[in-house]
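Asks: With the sequences and hints as input, model every part of the structure.
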Amino acid sequence: MTLLAVERIKLFSTRSPWWCMALAIALTVGMASLIAANTGDQFPLNVAVTQSFTDFGMVVIMVMAALAATTEYRFGTIRATFLAVPSRTGALVAKATVVALLAGVVGEVVAFGSWGISKLIKPNVDLAINSTAEWRNVAGTGLVFMIAALLAVAVGILIRQTAGAVAILLVYTMLVENLIGLIPTLGQKIQRWLPFMHANNFRTADGAPVTDGPGAGSQLDFPFGPWGSLAYFAAIGVGLLVVALVVAKRRDA
Amino acid sequence: MIEAIGLTKRYGNTVAVDDLSFTVAPGRVTGFLGPNGAGKSTTMRMILGLDRPTSGKALIDGKPYAQLDRPLRTVGALLDAKWVHPNRSARAHLQWLAKSNGLPARRVEEVLEMVGLTAVAKRRAGGYSLGMAQRLGIAGALLGDPQVLLFDEPVNGLDPEGILWIRQFMQGLAAEGRTVLVSSHLLSEMALTAQDLVVIGKGKIISQSSTTEFIERATENSVLVRSPQASKLGPLLVDKGYTVRTDDDGSLSVTGATSDQVGDIAGANAVVLHELSPQRGSLEQAFMQLTGDSVEYHAEIGK
Amino acid sequence: MTLLAVERIKLFSTRSPWWCMALAMVITIGMAALISANTDDRFPLTVSVSQGFSNFGMVVIMVMAALAVTTEYRFGTIRATFLAVPGRVQALLAKTAVVALLAGVVGEAVAFGSWGIGTLIKPDADMAINSSAEWRNVAGTGLVFALAAVLAVAVGVLVRQTAGAVAILLVYTMLVESLIGLIPTLGQKIQRWLPFQNSTNFQTAGNESFMNETGGLDYPFGPWGSLVYFAAICVGLLVVALVVAKRRDA
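Residue numbers (this note's numbering), protein chains in the order written: chain A, 1 to 253; chain B, 1001 to 1303; chain C, 2001 to 2250.
For the record, the hints were derived by calculation from the structure and aren't laboratory data.
Each residue gets a CB set at the ideal place from its N, CA and C atoms; glycine is no exception.
Errors might be hidden in some of the hints.
As the list claims (entries may be wrong) - Covered stretches of chain A, going by a simulated chain C footprint (3 or more residues, C-beta under 8 Å):
1) 54 to 63
2) 128 to 136
3) 147 to 155
4) 183 to 193
Unchecked claim - Simulated restraints, written as ranges between beta carbons of each label pair:
5) C:R2248 / A:I129: 45 to 55 Å
6) A:I129 / C:P2220: 36 to 46 Å
7) C:S2016 / A:W18: 24 to 34 Å
8) B:N1221 / A:T2: 20 to 30 Å
9) A:T185 / C:Q2090: 45 to 55 Å
Replies: Here it is as structure tokens:
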């Protein structure tokens, strides 16, 4: 618990997490309101449509999570941390936990905020969350944000360099996973095993309409159902973190 | 008490630290001296468990750093004053350090007061001058009221007032019975601060002794003699087994003898002396002599 | 010319540009090879299909361009630069020119490399570049890369901070422009005025394949008009950045 408190103090005593959280929430919810305001008979509003912009929030939170690790290396405070807490695994697990919890909270705020503002703007539309698919789509956002944050912290620890870690995370998440689909036939066979495609499958499988853009993985023939996809996504996030912890333990600080 | 036992660090083919063994005793300031690139910082990082030794080990009160429970209560270290997030306030920086070792929040205020940063504790550490950053680093080192303290080049870049402050501070800590290890590449600074010296060059140990002993051993003692009868005195001194060099202006410089011995010989032989003065080599010369072959980067002076 | 030489030396004496260029070319061309090898009757290889991965190269080069500026601020060398060349506008223009030229060369290398490896792997496919649309698609890549690099340099000068600049560029280019399309009706009206949609229009108009079946957007310009519009935005942002850099304390 002490270590969690330490990491909480560290995270909240700098500015960038606040900026990232504010940006993730304000822009995502703001765009959701814009989307809701422009829906009509031709493009009806439903629960899934309110969640269209949550990917934006996720990548911003991934940047925040990566920064939480890389700025410690950048400013040498990682050494101060390891002097205070020689058990590196303990210190880094605490950091990953705090960041993941925060990401989860932001995810729920983003999801329910987007849903809530849409409901305010279009009070006559039926936005009741009643199927499990709808619950997954909205409430599941926090889980997806959490795992994405774990993965980002792991990449941050491995790369140690802000520019590299942020570029790798963003290019991979937003571009590589989609572009791979361009390989004829083979592309989709690969895509059905890629982590963020599974995150998407978890949230949008069974009934939630497919939106185009970066979330367009839903036509894939996934090897798992939605909860299996979540477990698979979590396994990749946690697995990468374990690799990062082993590397950090062995390496000179 | 700090012990280094056969401490070695290799990066590929370069040996940064080569089989170092020394002990640092409590109650004294021990200087850790060597030219730039001699391996001082690497050694300190290995003592603190930040870098993994290729072989050998370092113990603090008989334990490796990683096995200390709440290490800040045993060891305080200032390796680099810049190891602070620039957007975090000094107080927040100390708060997380205190929290991590179960130290009360009140202790943060105490150390801030001790180093004189209370008034600026709310400001972001990135805006601090070097002297203030150094004080913040020292506050961090003192947080757990540790018995063992390590400082890496603490006076680098400080103004005279800051240097004096740190020097007296470290001596005060040692006087309270703590173990204090301070690294520096300046022998003159160490001569004023440290009672013991561990001297290294190119990663190897050169000497471990008290500072006075080191300086006496290292500086060449000679006696300058001016006399109208120098040509008579010279052979007399050589007969006694001392080395005599005649300088351009006709004065003699005698090594191996004290001024008393030279004076006695002159008196016994009725030689008139115009000057008889003991000469002491500078600390820098002594240091250069000892570490001359072990400087990592040689500057080609006058070539 | 001296300033260009100065900036060339600065850029090539650090490692990250080499890494970025290598990554941009190797991955893009490698993926083009993978795509070509997997084409068949149902998904036939064409000139435009061989260019499917060039966006990856572009974002990597944008990262390189932003780093060329932000690392100067990070390490304080921007002050050394302004001491050596007090005309800030010239110094930054020289940097932009060098980075943009390099981006253009990488763009051509990526485009012709992808096309070349496609022809090697599938010698029977119709890979002749003969229509002007196909020329735009391949040879136009260098122009798009160069302009995107100008935009990235401008963002780097404005933001000055690596993490911020890289995140803004990547999130905007890869996510925001496409997510905006999700706003019903209004989204597409906005999208047709967005810079990277227009650069895509320049490259892909008249080059429909199984990868981009329809352009979808009702662009206000033809392909060359789109390029001019894209260039105007990039250069405009650079002008803003130069004015800001001139006024600001270094």
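Asks: None of the hints should be skipped; say for each whether it holds.
Replies: Structure-based check of all given hints:
no.	hint	in the structure
1	54 to 63	holds (count 5)
2	128 to 136	violated (count 0)
3	147 to 155	violated (count 0)
4	183 to 193	holds (count 5)
5	C:R2248 / A:I129: 45 to 55 Å	holds (49 Å)
6	A:I129 / C:P2220: 36 to 46 Å	holds (40 Å)
7	C:S2016 / A:W18: 24 to 34 Å	holds (29 Å)
8	B:N1221 / A:T2: 20 to 30 Å	violated (57 Å)
9	A:T185 / C:Q2090: 45 to 55 Å	holds (53 Å)
Hint check: violations occur at hints 2, 3 and 8; the rest are consistent with the structure.
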